[in-house]
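Heads up, the sequence shown is in this note's numbering, so the first residue is 52 and it goes up one at a time.
Incorrect hints may have been included.
What the hints assert, rightly or not - In silico DSSO-like pairs for lysine-lysine, Cα to Cα no more than 27 Å straight-line: (1) K119 - K60; (2) K119 - K163; (3) K151 - K75; (4) K60 - K71; (5) K75 - K183; (6) K60 - K125; (7) K151 - K60; (8) K119 - K156; (9) K125 - K71; (10) K60 - K156; (11) K156 - K125; (12) K125 - K163; (13) K163 - K75; (14) K183 - K119; (15) K125 - K151; (16) K183 - K60; (17) K163 - K151; (18) K163 - K71; (19) K156 - K71; (20) K60 - K75; (21) K75 - K125; (22) K71 - K183.
Just so you know, the hints here were simulated from the structure itself, not pulled from any lab data.
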Amino acid sequence: MNVCLIVNKILNGSLQRYFKYLLKIYEIGTFDMDSGVIPGTLLEYEFYVISALNFSLNNPEGFRTAKKLARAGKRVLLLFTYVPDDFPEEGDFWLTLPWKTPLSKKIEQVLKNPPPSEEDFERLERLWPLLKYKPSNHHH
């Protein structure tokens, strides 16, 4: 199996070590959310761990990337560093840091289930409308 990390620099290092040393997954692609550039080779991976928000709460770039990947039949795990009070801290394909469920269990759950559907993403957008908008301060 291979995995692609689309996260910030801090999470990237930690997650790379986690996948290599604890889960024994050595094919790890990384794309830095801070750069804002996601290459065309993105669809080569089987599983994706993605930061839902990039730069600020006003930039749900990772959420939109996860939605596109799921449409392409890819399994994704979204990581939130913040959610509003009425937003669930965890779901079938997302976790909020710090997570209560062990990461390995959540990964196992995501891999066992089909990719999230369009309706799954729309449900999150209804709970937190910011997720469906383009960023207010887009970085290039």
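Are there hints from earlier that the structure breaks, and if so, what are their numbers?
The structure conflicts with hints 5, 22, although it agrees with all the remaining ones.
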